[in-house]
Amino acid sequence: MKIGILGYGTVGKAVYELLSDNSELEVKYILRKKGKAVGDKMTDDINKIICDYEIQLIIDALPGIHPSYEYIKEAITHGKNVVSANKAALAYDFDRLLKLACKNKVALLYEASCGGAIPIIDEAKKISKTDKASSICGILNGTSNYILYKMYKDGLDFETALNKAKELGYAEADPTADIEGFDVRNKAVILCSTVWNTFSCKAIETLGISSISHEKILSFANENRSIKLMMMAKKLGNHYKAYVMPVIIDNSRLEANVPDNYNIATIEAENAGRLTFFGQGAGGRATASAVIRDAYDILECLDKGNSPESLNTILFNELIEDNELIKGKVYLDNNVYEHASPHDYLEVAAKNNSFFAFLPDYF
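Each number in my numbering comes from the position in the sequence shown (counting from 1) with 66 added on.
Please note that the accuracy of each hint is not assured.
The calculated label-pair distances, taken between Cβ atoms and stated as ranges, are [as the list claims (entries may be wrong)]:
{"no.": "1", "residue 1": "Ala416", "residue 2": "Thr342", "range": "22 to 32 angstroms"}
{"no.": "2", "residue 1": "Asp326", "residue 2": "Ser285", "range": "21 to 31 angstroms"}
{"no.": "3", "residue 1": "Asn323", "residue 2": "Asp427", "range": "14 to 24 angstroms"}
{"no.": "4", "residue 1": "Lys68", "residue 2": "Glu413", "range": "45 to 55 angstroms"}
{"no.": "5", "residue 1": "Arg351", "residue 2": "Lys68", "range": "15 to 25 angstroms"}
In silico DSS-like cross-links for lysine-lysine, where the CA-CA straight-line distance does not exceed 27 angstroms [said to hold, decoys possible]:
{"no.": "6", "residue 1": "Lys191", "residue 2": "Lys139"}
{"no.": "7", "residue 1": "Lys165", "residue 2": "Lys68"}
{"no.": "8", "residue 1": "Lys114", "residue 2": "Lys171"}
{"no.": "9", "residue 1": "Lys219", "residue 2": "Lys282"}
{"no.": "10", "residue 1": "Lys139", "residue 2": "Lys102"}
{"no.": "11", "residue 1": "Lys169", "residue 2": "Lys195"}
{"no.": "12", "residue 1": "Lys79", "residue 2": "Lys232"}
{"no.": "13", "residue 1": "Lys100", "residue 2": "Lys139"}
{"no.": "14", "residue 1": "Lys192", "residue 2": "Lys165"}
{"no.": "15", "residue 1": "Lys94", "residue 2": "Lys139"}
{"no.": "16", "residue 1": "Lys230", "residue 2": "Lys219"}
{"no.": "17", "residue 1": "Lys102", "residue 2": "Lys232"}
{"no.": "18", "residue 1": "Lys165", "residue 2": "Lys370"}
{"no.": "19", "residue 1": "Lys192", "residue 2": "Lys102"}
{"no.": "20", "residue 1": "Lys417", "residue 2": "Lys268"}
{"no.": "21", "residue 1": "Lys169", "residue 2": "Lys139"}
{"no.": "22", "residue 1": "Lys94", "residue 2": "Lys370"}
{"no.": "23", "residue 1": "Lys192", "residue 2": "Lys268"}
{"no.": "24", "residue 1": "Lys191", "residue 2": "Lys232"}
{"no.": "25", "residue 1": "Lys171", "residue 2": "Lys191"}
{"no.": "26", "residue 1": "Lys268", "residue 2": "Lys139"}
In short, the hints are calculated from the structure, not lab data.
Glycine is no exception: its CB is placed at the ideal position from the N, C-alpha and C atoms.
Can you make the complete structure from the sequences, with help from the hints?
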């Protein structure tokens with residue numbers, strides 16, 4: 067199967083390198099920016115890839131929403147299967163992209179968009195077909211986890227920990243999406259939509275970690291607790307609620323002990339119980355491995371003579387957002403509110419850049 071890769075950054079380059087000796091998955095073109103398309107396989111013309119009848123799969127390894135979102139739509143419209151690692155572009159209009167893929171009888175797969183190498187999307191798809199998930203929670207951003215881990219473990223202040231994350235390549239020059247929770251929000255949209263087959267999970271309330279000081283970390287450490295940036299989501303009947311926010315965790319829990327830039331995700335299901343997934347949540351080779359797993363799923367489907375659209379997630383449920391589903395203890399600056407909904411305090415915290423952390427009742 068011939069492939070076109072969009073982007074040659076950390077992930078795109080790693081995908082190409084891992085496929086360099088692969089006889090089943092052959093990279094024909096790599097899209098790069100103008101002035102950087104140097105080499106036999108390089109091109110700066112997206113149409114050269116999308117309009118090539120030999121190419122059956124396009125791998126999207128571009129950053130940001132645009133032009134990735136438009137390229138995914140064009141590729142699908144031209145009958146190309148797509149594997150995307152770009153959570154921002156997918157979350158932008160997840161419902162429309164999946165419907166378009168089904169309409170054009172191609173696959174749109176996205177394992178690498180959530181949790182790097184962790185096979186959380188594949189399991190979420192299986193659970194949505196065979197079981198009922200009641201909750202999802204996880205640490206899904208390596209940059210923010212590294213910062214909070216270093217603040218707790220090594221006593222660093224926020225800025226020092228952030229600078230170390232940049233030095234190690236965990237944080238971008240502009241780390242806003244990571245530290246303000248936007249990256250996790252995109253992943254939460256994709257993960258909730260997948261496990262609950264719904265298109266109603268787009269507006270997830272989000273607060274990042276920029277207001278968390280070493281002093282606050284230390285105060286909870288003295289109680290044998292940690293603070294982690296997490297996604298939390300619950301579903302009861304046709305009601306749901308999801309957040310991305312700083313969460314207080316007892317140090318006896320697995321989530322409190324996730325080190326450095328690792329990720330963890332847990333799905334609670336009616337029959338299967340608690341299923342937890344842990345591993346490298348970022349990095350070129352780790353993410354590329356998830357991309358290639360998706361590529362092989364498409365290849366195997368085609369080899370069997372099946373339509374690749376059978377691999378797609380189908381979104382058909384319309385859920386009702388319910389702020390009463392997630393309650394607990396809210397810490398806002400020096401105030402504590404018992405059995406409270408985060409919804410009632412997140413906007414205030416964001417507006418005033420106040421310290422905020424949440425200790426769930428059910429956690």
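Hints and how they fare:
1. Between Ala416 and Thr342 the CB atoms are about 30 angstroms apart, so this pair conforms to the stated range of 22 to 32 angstroms.
2. Checked against the hint of 21 to 31 angstroms, the C-beta distance between Asp326 and Ser285 comes to roughly 23 angstroms, which is consistent with it.
3. At about 22 angstroms, the beta-carbon gap between Asn323 and Asp427 stays in the expected band of 14 to 24 angstroms.
4. The hint said 45 to 55 angstroms for the Cβ distance between Lys68 and Glu413, and at roughly 49 angstroms that hint holds.
5. A hinted range of 15 to 25 angstroms for the beta carbons of Arg351 and Lys68 is consistent with their spacing of about 23 angstroms.
6. Under the criterion of a C-alpha separation no larger than 27 angstroms, the hint pairing Lys191 with Lys139 is consistent with the structure, at around 22 angstroms.
7. Proposed proximity of Lys165 and Lys68 is supported: the alpha carbons are some 24 angstroms apart, at most 27 angstroms.
8. The suggested pairing of Lys114 with Lys171 holds, with an alpha-carbon distance near 22 angstroms, which does not exceed 27 angstroms.
9. Proximity of Lys219 to Lys282 is assessed by CA-CA distance (about 13 angstroms); at most 27 angstroms being required, the pair is judged to hold.
10. Under the criterion of a C-alpha separation no larger than 27 angstroms, the hint pairing Lys139 with Lys102 is consistent with the structure, at around 24 angstroms.
11. In summary, the hint linking Lys169 to Lys195 is supported, as the alpha carbons are separated by about 21 angstroms, within the 27 angstroms threshold.
12. Restraint check: the Cα-Cα separation between Lys79 and Lys232 comes to about 20 angstroms, which is no more than 27 angstroms; the hinted pair holds.
13. With a C-alpha separation of about 21 angstroms, the suggested pair Lys100 and Lys139 falls inside the 27 angstroms cut-off, and the hint holds.
14. Restraint check: the Cα-Cα separation between Lys192 and Lys165 comes to about 19 angstroms, which is no more than 27 angstroms; the hinted pair holds.
15. Of the pairs offered as hints, the one joining Lys94 and Lys139 holds, with about 20 angstroms between alpha carbons and a cut-off of 27 angstroms not exceeded.
16. About 14 angstroms separates the Cα atoms of Lys230 and Lys219, which keeps this hinted pair within 27 angstroms; it holds.
17. A distance of roughly 24 angstroms separates the Cα atoms of Lys102 and Lys232; the hinted pair therefore holds under the 27 angstroms criterion.
18. For the hint linking Lys165 to Lys370, the alpha-carbon distance of about 23 angstroms falls within 27 angstroms, and the restraint holds.
19. Restraint check for Lys192 and Lys102: the C-alpha separation of about 41 angstroms exceeds 27 angstroms, so the hint is violated.
20. Note on Lys417 and Lys268: the hinted pairing holds, with a Cα-Cα distance of about 21 angstroms set against a maximum of 27 angstroms.
21. At roughly 12 angstroms between alpha-carbon atoms, Lys169 and Lys139 fall within 27 angstroms of each other, so this suggested pair holds.
22. With a C-alpha separation of about 23 angstroms, the suggested pair Lys94 and Lys370 falls inside the 27 angstroms cut-off, and the hint holds.
23. Of the pairs offered as hints, the one joining Lys192 and Lys268 holds, with about 22 angstroms between alpha carbons and a cut-off of 27 angstroms not exceeded.
24. Taking the CA atoms of Lys191 and Lys232, the gap is about 34 angstroms. The hint is violated against a cut of 27 angstroms.
25. With a C-alpha separation of about 19 angstroms, the suggested pairing of Lys171 with Lys191 holds against the 27 angstroms cut-off.
26. Between Lys268 and Lys139 the CA atoms are separated by roughly 19 angstroms; this keeps the pair inside 27 angstroms, and the hint holds.
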